[in-house]
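Line by line, the protein sequences are chains E and V. The numbering of the first sequence is the UniProt record's numbering, which starts it at 1 and goes up by one. The numbering of the second sequence is the UniProt record's numbering, which starts it at 1 and goes up by one.
By construction, these hints were calculated from the structure, which means they are not laboratory data. Beta carbons are placed, not taken as given, at the ideal position from N, Cα and C, and that holds for glycine. Be aware that one or more of the hints could be misleading.
These stretches of chain V come out as covered by chain E in the derived footprint (C-beta under 8 Å, 3 or more residues) [what the hints assert, rightly or not]:
1. 307-320
2. 324-333
3. 347-357
4. 378-385
5. 401-407
Below are the BS3-like pairs computed for lysine-lysine, each with C-alpha atoms no more than 30 Å apart in a straight line [said to hold, decoys possible]:
6. V:193 x E:28
7. E:28 x E:134
8. V:395 x V:385
9. E:321 x E:61
10. E:61 x V:297
11. V:201 x E:73
12. E:299 x V:326
13. E:134 x V:66
14. E:69 x V:437
15. E:38 x E:420
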Amino acid sequence: MRLLSTKATCNSHGQDSSYFLGWQEYEKNPYDEILNPKGIIQMGLAENQLSFDLLESWLAKNPDVSGFKRDGKSILRELALFQDYHGLSSFKEAMVDFMAEIRGNRVTFDPDHMVLTAGSTSANETLMFCLAEKGDAFLLPTPYYPGFDRDLKWRTGVEIVPIHCSSDNNFQITESALEQAYEEAQNLNLNVKGILVTNPSNPLGTTLSLEELNLLVDFISGHKNMHLISDEIYSGTVFNSPGFVSVMEVLNNRFSDADEAIWDRVHVVYSLSKDLGLPGFRVGCIYSENDTVVAAATKMSSFGLVSSQTQYLLSAMLEDKKFTRKYLVENQKRLRRRQKMLVSGLEKSGIKCLESNAGLFCWVDMRHLLKSNTFEAEMDLWKRIVYDVKLNISPGSSCHCSEPGWFRVCFANMSEQTLKLAMKRLKSFVAELSSSSDNGDNKAHQSKRKSLTKWVFRLSSRDHRQRDQEER
Amino acid sequence: MGIEIEKPCVVELSNIAVSNTHGEDSPYFAGWKAYDDNPYDELTNPSGVIQMGLAENQVSFDLLEKYLEEHSEATTWGKGVRNSSFRDNALFQDYHGLHSFRAAMASFMEQIRGERAKFEPDRLVITAGATAANELLTFILANPGDALLVPTPYYPGFDRDLRWRTGVKIVPIHCDSSNNFQITPEALEGAYKEAESMNTKVRGVLITNPSNPLGATIERSVLEQILEFVTRKNIHLVSDEIYSGSVFSPSEFVSVAEILEARNYKDAERVHIVYSLSKDLGLPGFRVGTIYSYNDKVVTTARRMSSFTLISSQTQHLLASMLSDKDFTELYIRTNRERLRKRYEMIIEGLRSNGIECLKGNGGLFCWMNMSPLLEKATKEGELKLWNAIIHQVKLNISPGSSCHCSEPGWFRVCFANMSENTLQVALERIRNFVDKIRTHTLTAGSN
């Protein structure tokens, strides 16, 4: 036909992966407490739905802000015309204060070093454009957020080389894993431009340890021109010790301000999509002490600015320090409670999780339920959980985990009732599994799984007009 | 808009980061700087520089304000009703965009075209502004090193939007005043051949209709010729119709959508329309752009790519409400057109009375002014010299044609909708004084 670019025709958008297929299944048969109690429960969506009441009550107390009013006067015109890619300074000031607060004010940020972007999806891609050429590589610890395959690689042409982490040490990043990944990149003739970590981690739900952070900083120190990107999108969801340490704190403690060589190479990404539960508002940012990066990223942000209407609303909200303090504490409390609920619910089914202290999900160990220690077996198990148990959870392979049998299960995007129901269903399933494993696999089950496999492949090649959602 | 002074960077960044394809190091920023350093204010700085280089629509905010006063539901959230609660809105990050918003945009676009074309909401892809839409389409339609053909003069921002991160080239379709800068089949062929001679693959033609900076719509016959050309070459056509709602006389705007509809969408899969609310509604800060494509694969791909540049769901909610109110949109479109026409006539008359002619325009937020008689030399340098005088002596920031890649020196784009009527009068007065001075000076010099 009318030819399209190779970008348009390749599938680096990643949407043929199982991760999105689970989505599509959910869309076809979504659980509803009243209307569809037998439907699929969505546990693959890392959304924070626990604290909307806090936001809503703030909005009720501050009605002017969403109505384009400041001190009773209309500022529609001013906001409507404001398209300066430097962003509303009052908003950036409020953002840096919020970020500092989340880090216990152990670090401060300069609003002039912040670049606003339409979500962290945009921030991460923009950093790739700024730091790497097509064909260069970034090292990412596995397992990682499936969306990175699209965000970091699709339009930029940058490659991802995995830093393999294993359950042996709770998936922590080790020096040898880093070295191995770097070597692998060399063998592939790829120029490594940096490392990207998510801290707290998605999908692990854990914060990076001080050892890991120092390791990362040491590693890039030892390699000229290597950058470190720390995506701290979940920083406000840390609900348990050991607590959150940002890479910025590590730099602060180890290096002087004048040490440009290191400060110029570390960049933080943040967003309000998880901590505040506002993914629809598209509020993300890049923070960097590197002036050239800030300048280039600022210009690039023209392609994905934050609506001035939204900047204004959120600047007022985040300026309210009483509110932010209360919100952060209460939000963390609720997340902690939910996580406990999930963990204990899973325990009742004999299922363990990686011990986590952050995030909107748990990293669940279902290796003992696999027929064999293979990814095929993981896929089989996943399909059964989606189609039979009717829970949409994310298989570890979609996160590039090197060990089969791990799944990411979200806990903050549904009511308590629904979570309890999900745990009940899982319990029945596990009980069933252990009784059927005594009998061995029967043929009917096998053929059902085969036809599901065929069907899943057909799904992946057809273009669905289903609601494909953004996710983390 | 400030000029930034950067320290040299110690560590290596990408070529894209350090290139200057973003265009911001161009000499034209001197005009901006002069304005930033000394901005006109009716009361506090009446001898400052008047900003006439900014294509903003400030003439109809009262209509928007009135609407918002009377419709608080547009900026607040209801309870219970699907997707209207705060929670649902805040969570809504689906890259399809709110259906109510797309439906409202589609119907608004239809209204602007006098219902002469139909737009299906499911073919609308949302993007954070037309800036994002144009870049996105370029990523989809072309590979790095390929080219898009763009008629000159064109919006300077295209140099960045179409080329910077995409690696795509722009090859100009040269237009000139001999036929009012209309695109001709010869010019199209000429551009195509030029690309071929550079061993560059042409992927499409990108037009802006109505044109920026000409302020004039493209005639139906010319659109048909362009369609014939792209079909024959088997390439794409992108029609940026961002100013479509700013055409003074509704019947004078022909959208490529109408022509396609009249032909039952034959060969339509190569055509893509860009739209935005930044100009017609004067809302550039809200970042509301769309791509409308007749090509399913482009729609799907664009939708996925729009993940990088979605419109805030809060803003989608506002506009879904506003644009689905047909009484409001009808009133707005009609009133806005009328006010822009009045402004246009005011500036044209004011310039004409000083012996300065403009291209006959019928839309947009600016006029295309011919100052070539005042050039010392009919060259780019001559134009820049005159431009410098206008910035520093007349204290008006206007856009020189060379910044728009115009091949004929002496033309300038002058915006008229981003200031009060009083300010416009002041600007015209200053031009009068300037022109008088030049003429007197010339006479005096001649008499020696």
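Verification of the supplied hints:
For the stretch 307-320 of chain V, the stated coverage by chain E holds: 10 residues have a C-beta nearer than 8 Å to a C-beta of that chain, and at least 3 were required. For the stretch 324-333 of chain V, the assignment as covered by chain E is violated, since 0 residues bring a beta-carbon within under 8 Å of that chain's beta-carbons and 3 are needed. Note: the stretch 347-357 of chain V has 0 residues with beta-carbon separation from chain E under 8 Å; the three-residue rule is not met and the coverage is violated. Residues of the stretch 378-385 of chain V with a Cβ under 8 Å from some Cβ of chain E number 0, which does not satisfy the need for three, so the listed coverage is violated.
Three residues within the 8 Å Cβ limit are the bar, and the stretch 401-407 of chain V against chain E gives 0, so the coverage statement is violated. Only pairs whose Cα atoms come within 30 Å are accepted, and residue 193 of chain V paired with residue 28 of chain E is rejected, the gap being roughly 51 Å. Note on residue 28 of chain E and residue 134 of chain E: the hinted pairing is violated, with a Cα-Cα distance of about 38 Å set against a maximum of 30 Å. Taken as a hint, the residue 395 of chain V and residue 385 of chain V pair is honoured in the structure, with Cα atoms around 14 Å apart against an allowance of 30 Å.
For the hint linking residue 321 of chain E to residue 61 of chain E, the alpha-carbon distance of about 15 Å falls within 30 Å, and the restraint holds. The suggested pairing of residue 61 of chain E with residue 297 of chain V is violated, with an alpha-carbon distance near 46 Å, which exceeds 30 Å. Of the pairs offered as hints, the one joining residue 201 of chain V and residue 73 of chain E is violated, with about 54 Å between alpha carbons and a cut-off of 30 Å exceeded. A C-alpha spacing of about 37 Å is found between residue 299 of chain E and residue 326 of chain V, which places the hinted pair above 30 Å, so the restraint is violated.
For the hint linking residue 134 of chain E to residue 66 of chain V, the alpha-carbon distance of about 50 Å lies beyond 30 Å, and the restraint is violated. The hinted pair formed by residue 69 of chain E and residue 437 of chain V fails the criterion: a straight-line CA distance of about 47 Å is larger than 30 Å. For the proposed pair residue 38 of chain E and residue 420 of chain E, the alpha carbon gap of about 14 Å is at most 30 Å, so the pair holds.
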